[in-house]
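*Asks:* Read off the chains here:
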Amino acid sequence: MSRYSAFSLLRGALTGHRHWQPAWRDPEPKSHYDIIIIGGGGHGLATAYYLAKVHGLKNIAVLEKGWIGGGNTGRNTTIVRSNYRLEPLHNLFEFGLKLWHGLSDELNYNVMFSPRGAMFLGHSDADMVKLAERGDAMRCDGIDADLMTRAEVAKLEPLLDMSRDARFPIQGGLIQRRGGTARHDAVAWGYARGADSLGVDIIQECEVTGFVRDGDAVVGVETTRGRIGAGRVGICVAGHSGHVAGLAGLKLPVESQTLQAMVTEGVKPMINSVIMSQSLHCYISQSDKGGVVFGGDPDNWPSYAQRGHPMVMEGAVAQGLALVPALSRLRMVRTWSGVTDMSFDGAPIIGETPVRNLFLNGGWCYGGFKATPASGWTYAHTLATGKPHALNAPFSLDRFERGATIDETGSGPMPNSR
Amino acid sequence: MMLIPCPHCGPRAQSEFIYERTVDSVVPLDAPSQEAMTKLFTRNNPRGVDDEIWRHTYGCRAWMILTRHRVTNEISGCRAIGPEALL
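Protein chains in written order, with the numbering used here: chain A, 1119 to 1536; chain B, 35 to 121.
Chain B extracted, bound-state conformation (with noise of 0.2 Å):
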C-alpha cells in the first residue's frame, strides 16, 4: 500500500484515497472531437512517472495531482487542485 502525502492532511493510508484518471484524460469543455475523442480514449500510460488525479475519499474528500513512478510507485509530487481541474 501505499503512503499518499495529502496536501490537506499529511501522510495517508492509501486505502483512504480512490484514482480517479489521469491528468492527461480530462477533457475540457470546449475541446473539439478530435481532441475530446483523444483524451477520452487514449492514455500516455507511461512505464515511468505520470499526473494522476486522486481523491481522499475517505478523509478530507478533496481531489489532487498525484506525481507517481508507475514501476517503482515512488511518489515525487502532490498538489491540492481546484473543481476548475475537473471542468
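Excised from the complex, chain A in its bound form (with noise of 0.2 Å):
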C-alpha cells in the first residue's frame, strides 16, 4: 500500500495520474475467521483497524451486505463533538474526540476533520442555567466548554435571528471549540483502506442470514455468500441491530426509527460553527462543499425504510428558518434518511451479549457518528480480549436489567417513565 502524500502526488501528476490503486482489496471469504464484524459502516471498520493495528490480530473479516460506509455513515450530519452532561459519555465520547484530532494523521487518509466549534443554542433562562450546568459538568471531566453571551453568540453567527421578538429568541449559548464536523465518507474509507493493509479482508455484497451454532455459543455465521466460520463475531450494524441480533434469538432494548437529514445548494460560507439547539432538536452547519446542511428530530413511530416522511422535515425546515431566515432563499438539492436503533436511555450498548462468543455494538441512537474513533476502539478491545473496556464497560446491554441506565440527554427520566 503506497503512502499518499504531497510527493506522491506530484510524481503522480508527471505520469498522468496512472499510479492510482484500488484503496481496498475485494478479496474471497475465507471459510473461517478468528474475529467477524457484521456491518461494513464506520464503526465496523475502525473496529477491524483497530483490532489489527492495536491488538496486532490478523485473520479478520468485516462482512456488508450492500457496500462500505453505504448506511448511517454515509446518511449522518457529520458532527463530531463530546459536549455531553453524565461522566460515562463523557469519558467515551472526549476519548473519540481526542482521537478525531489525529485522525487523518494516523490513517493517512484526510478525513476533513474541521474543529469550528459545536455551539448550543439558549432560548431562555432556563435553558442557559441548564447549559452552565453542562457546561460545569464537561469542564470538571476536563472538556472544554464555554458558556457565551448573546452578544458573543450574535458575532460568531451573524445569521441568526437575534432580534427580541424571534420565534425562537436566543439569550446565549454553550460552545465546545475542539467540536466540529468531518467528511464522512472519507472515515469510512480512510479506516477501511488501514485495515485492509494491515489484512483485514473486507467483503461487501455479503449479508450476514443466521448464525452457526455449537450449543450456547456461536461459531460462525451463515451469509449469502456462504457459510464462515469465527471464533467470535461482533455486530455493528447500527440500525438494524435488533434484526440481526434476532437471527441469534436475541430481543434487544432498542427500536429503530428513521432520522431523516438535508443539505441545500452550495453558498458562500454563512454558517461558521455547528449550531444546534436542544430545544428544538435542530442543528445547522455548512459543508466545505457549500452546502448548509440540517437535521431534525427522528420520524417518531418504527421503521426501517430509510425514507423519511415530509411532515417531520417540515418541522426541521421550519426550525431552521426560524434560527437563520436566510435560508428560506436557497434551495434544498438533497434529503436522505438513515436507519437509527433508538436505545431505551439514549446511548449506545457496546459489549457481550447472552450469546457466547457473540458481541454487540449498537444502540448509537441519532449520535453515531461522532463516535466512530471511540466506538472503533473500544469494541475491538471487547472483541480482542472478550472483556470491555473501561470507557465501555458502563455502556453493557444488561444495564437495563441492572437499572444502571445513563441519560444520554442528562435531562431525567427515560422515555418509558410516561
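These are calculated hints, taken from the structure and not from any lab test. Think of the CB as a built atom: it goes at the ideal place given N, C-alpha and C, for glycine as much as any other residue. A few of these clues could be false.
[What the hints assert, rightly or not] Distance ranges between label pairs, derived from CB positions:
no.	chain 1	residue 1	chain 2	residue 2	range
1	B	Gly-93	A	Arg-1268	39 to 49 Å
2	A	Arg-1425	B	Asp-58	19 to 29 Å
3	A	Pro-1443	B	Val-57	19 to 29 Å
[What the hints assert, rightly or not] Quick look at which bits of chain B chain A covers, simulated, 3 or more residues with Cβ under 8 Å:
no.	region
4	38 to 45
5	48 to 54
6	94 to 108
Using the hints, put the two standalone chains together into the complex.
*Replies:* Have a look at this one:
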C-alpha cells in the first residue's frame, strides 16, 4: 500500500496520474476467521482497524451486505463533539474526540476533520441554567466548554435571528470549540484502507442471514456467500441491530426509527460553527463544499424504511428557518434518511451478549458518527479480549435490568417512565 | 405521510395521530418483574410486520392498534381498543 503524500501526488502528476491503485482489496471470503465483524460502516471498519493495529490480530473479516459506508455512515450530519452531561458519556466521547484530532495523520487519509466549534443555543433563562450546568460538568471532566453571552453568539453567527421578537429568541449559548464536522465517507474509506493494508478482509455484498451455533456459543455465520466460521462475532449494524441480533434469538432494548437530514445548494460561507438547539432539536452546519446541512428529530415511530416522512422534514425546516431566516432563499438539493436503533436511555450498547462469542455494538440512536473512533477502539478491545474496555464497561447490554441506565440527554426520566 | 384508517373516523392523515408504543411493550399491572423488565426495555422490533398502538390525538382521540409493515409502511389492519388494553 503506497502512502498518500504531496510528493506522491506530484510524482503522479508527471505520469498522468496512472499510479492510483484501489484503496482496498475485494477478497473472496475465507472459510474461517478469528473475528468476524458484521457491518462495514465506520464503526465496523474502525473496529477492524484497531483490532489489527492495536491488538495485532491478523485473521479478521468485515462483512457488509451492501457497500461500505452506505448505511448511517453516509447518512448523518457529520457532527463531531463530546459535550454531554454525564461522566460515562464524557469519557467515551472525549476519548473519541481526541482520536478525531489526529485521525487524518493516523490513517494517512484526509477525513477533513474541521474543529470549527459546536454550539448549543439557549432560548430562555431555564436553557441558560441548563447549559451552564452542562458546561460545568464538562469542565469538571476536563472537556472544554465556554458559556457564551448573547453578543458572543451574534458575533460568531451573524445570520442567526437575534431579534427580541424572534420565534425562538436567543439568550446565549454553550460552545465546545474543539467540536466540529468531518467528511463522513472519508472516515469509512480511511478506516477501510487502513484495515485492508493491515490484512483485514473487507467483504462487500455479503449479507449475514443466520448464525451457526454450537450449544450456547456462536461459531460462525451463514451468509449470502456461504457459511463462514468464526472465533468471535461482533454485530455492528446500527439500525438493523434488532434484526441481526434477532437471528441469534436475542431481543434488544432498541426500537428502530428513521432519522432524516437534508442539504441545500452550495453557497459561500454563511454558517461558521455547528449550530444546535436542544430545546428545538435542530442542528445546522455548512459543509466545506458550501451546502448547508441540517436535521431535526427522528420520525418518532418504528421504521426500517430508510426514507423519511415530509411532515417531520417540514418541522426541521421550520426550525432552521426560524433560527437562520436567510436559509429561506436557498434551494434544498437532497434529503436522505437512515435507520437508527434508538436505545431506551439514548446511550449506546457495546459489549457482550448472553450468547457466548457473540458481541454487540449498537443502540447509537442519532449520535453514532462522532463516536466512530471511540466505538471502534473500545469494541476492538472487547472483541480481542472478550472483556469490555473501561470506557465501554458502563454501556453493557444488561444495564437496563440492573437499573444502571445512562441518560444521554442528561434530562431525567427515560422514555418508558411515562 | 401515511393514511391511517381510523376505525371511528375513516382514513385520516398521519399528522393527526401520535405513535404510542408497540403492543409487545404493554406491561400488565400484575406482571412478574422479569416480564415487566422485558416488556419495558426490549422490543421485537421486526424488520417486517408488527402491532403498534397509535392514538388519533387530533381527531376522535381514541386508541387503536395498527398492524403495519416497518419497511413498506403498508397498513394491513387497524382496530379499535378499549381502555383495558393499556392496563
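*Asks:* Next, verify each hint and record whether it holds.
*Replies:* Here is how each hint holds up against the structure:
1. B/Gly-93 <-> A/Arg-1268: 39 to 49 Å: Given a distance of about 42 Å, which is inside 39 to 49 Å, the answer is holds.
2. A/Arg-1425 <-> B/Asp-58: 19 to 29 Å: holds (25 Å)
3. A/Pro-1443 <-> B/Val-57: 19 to 29 Å: Since A/Pro-1443 and B/Val-57 have Cβ atoms about 44 Å apart, the given range 19 to 29 Å is violated.
4. 38 to 45: Violated: only 0 residues of the region 38 to 45 of chain B have a Cβ under 8 Å from chain A.
5. 48 to 54: Satisfied; 3 residues make the cut.
6. 94 to 108: holds (count 4)
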